[in-house]
Amino acid sequence: MTRSSQAEGSAGGSGGARKWQRWLPFLAPAVLVVVALNQIVLTHRTDLSPWKGGGFGMFSAIRAHQTRAYLFTPNGERRMALRRPRRLLTALRHNPSRANLERVALVLERRARRNELATGLRVEVWNTLLAGSPPTLTLTLAHTLTYEFPDRDP
Amino acid sequence: MNSPIAILSSWLREHYRQFAEVSTLDLIVRLTMIFLLVKPMNLWYLQVPVTLLCILGLASPRAGRSPVVWFLLAYFLLARVVIFWDVVDNHIYLLGYWALALACALALAESRTAISVSAHLLLGLAFLFSVLWKGVLSPDFVSGEFFRYTLLSDRRFHDFVLLFGALSPQEYASNQGELRQLARTGEPITLIESARLVLLAQISTWWTLVHEAFIAVAFLGKRVAWLSKVRHAALVSFAWITYPFATVVGFGWLLMILGIAQCEPELKRTRLLYLATLLVIFVHQFVPWTTALTETVTAGWSPTNPPS
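Protein sequence lines, in the order shown, are assigned to chains A and B. Using this note's numbering, the final residue of the first sequence is 154, and nothing's skipped along the way. Using this note's numbering, the final residue of the second sequence is 462, and nothing's skipped along the way.
Hints are not guaranteed to be accurate.
[Unchecked claim] Distance windows between CB atoms, simulated:
no., chain 1, residue 1, chain 2, residue 2, range
1, A, Pro-134, B, Ala-337, 18 to 24 Å
2, B, Lys-376, A, Arg-83, 23 to 29 Å
3, B, Ala-327, A, Arg-86, 21 to 27 Å
4, A, Thr-146, B, Arg-310, 31 to 37 Å
5, A, Pro-85, B, Trp-361, 52 to 58 Å
Keep in mind that the hints were calculated from the coordinates and are not lab data. The beta carbon of each residue, even a glycine, is placed where N, CA and C say it ideally should be.
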């Protein structure tokens, strides 16, 4: 490694520091503040998790959303296995927006095409609530999207 | 003939002398690049350029100090944040800001001072927003509900709960089974909890809040001299208390790099302490000593033979 006997500066102008250069060390912290404030607004306007979005709200709130999906078949509703795509499902758990619900529904629709009789599906996001002592955990439905397959009769 | 202890002592002294002479800027550049090399990026078209830039920077000190290299790294790291904005953890955001801060600092004549200012602010602001969430914005935290739930459900706290929460391994396993049942059926479940675990949740709540608030004030309130002086102790102790149990290796590593970056040049032992802490955090993911300790301590525990 280079020894500290070298000057600890690598670049610079010969005519002295320009005015804007004084502000460069504050650029990254300023971006952090803007993103973190935006995250606070987003969590209050939408159901974005405090854990995500760059607001440093990790380990501050119970966030245990669970996702479920049901396929509509002539024999009734059938629960679908939800393992992939992992990134999209993680995004849905932490940010259950309409856009993310629709993305998941479209991915599941492609998978459901193997079942020719299926007419639609429903995606659900459930929240976990803790109450009492000893602690009881219950699930409550937080978000849902019903998606009818466009080219099939219900 | 020298004894092995004398040889080891001499070797340590020599390497400490060499370490003390390494410039802070070179050290943080290299540590950050090593961190980026071991941290997967999820997308190959981001992973490949980041890996190549880091190899280049580690092979050539000149490239490692190039603002162009760091602006490119910041671009790729922040691109990942933009693409996965609602999925990635907060330390991935911080990593992007840190690369941007390094790029900006290396473009200036006073790089060392500039990076110290950026690291100082990034650390203080990250803890400030964390405290804002815990103390003001999230009702779950101050009530103690968050830690109660997390200690019972988050497997990362397994060792902590068994060592200090007065739950036996069997009770803990039973709770995990109930949680799986909740996910499978959606039917309400009741978890086993001890009075000591409730107390542990309360202590964890307030300790975390006070410790993080203290770090935020110590880093942002530079005008209060004594606070500024104890900021290193506050940050290092936070790492030693938090990361053996809450194994968020990436965050711990990054906090220690930022700690080194804002450390005064004359405080060589403090810098070494940051580096040692970083290494302990890194090694812990491969050698989970807290798990081994937990298994040893709780070997004889059972619901009929609870810990005293």
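Each hint, compared with the structure:
The hinted window of 18 to 24 Å between A:Pro-134 and B:Ala-337 holds, with their beta carbons roughly 19 Å apart. Judged by the Cβ atoms, the range 23 to 29 Å given for B:Lys-376 and A:Arg-83 is violated: they are separated by roughly 49 Å. B:Ala-327 and A:Arg-86 have their C-beta atoms about 26 Å apart, which keeps the hinted 21 to 27 Å range intact. With their beta carbons about 36 Å apart, A:Thr-146 and B:Arg-310 fall inside the hinted range of 31 to 37 Å.
A beta carbon spacing of about 39 Å between A:Pro-85 and B:Trp-361 contradicts the range 52 to 58 Å that was offered as a hint.
Checked against the numbered hints given earlier, this structure breaks hints 2, 5; the rest are met.
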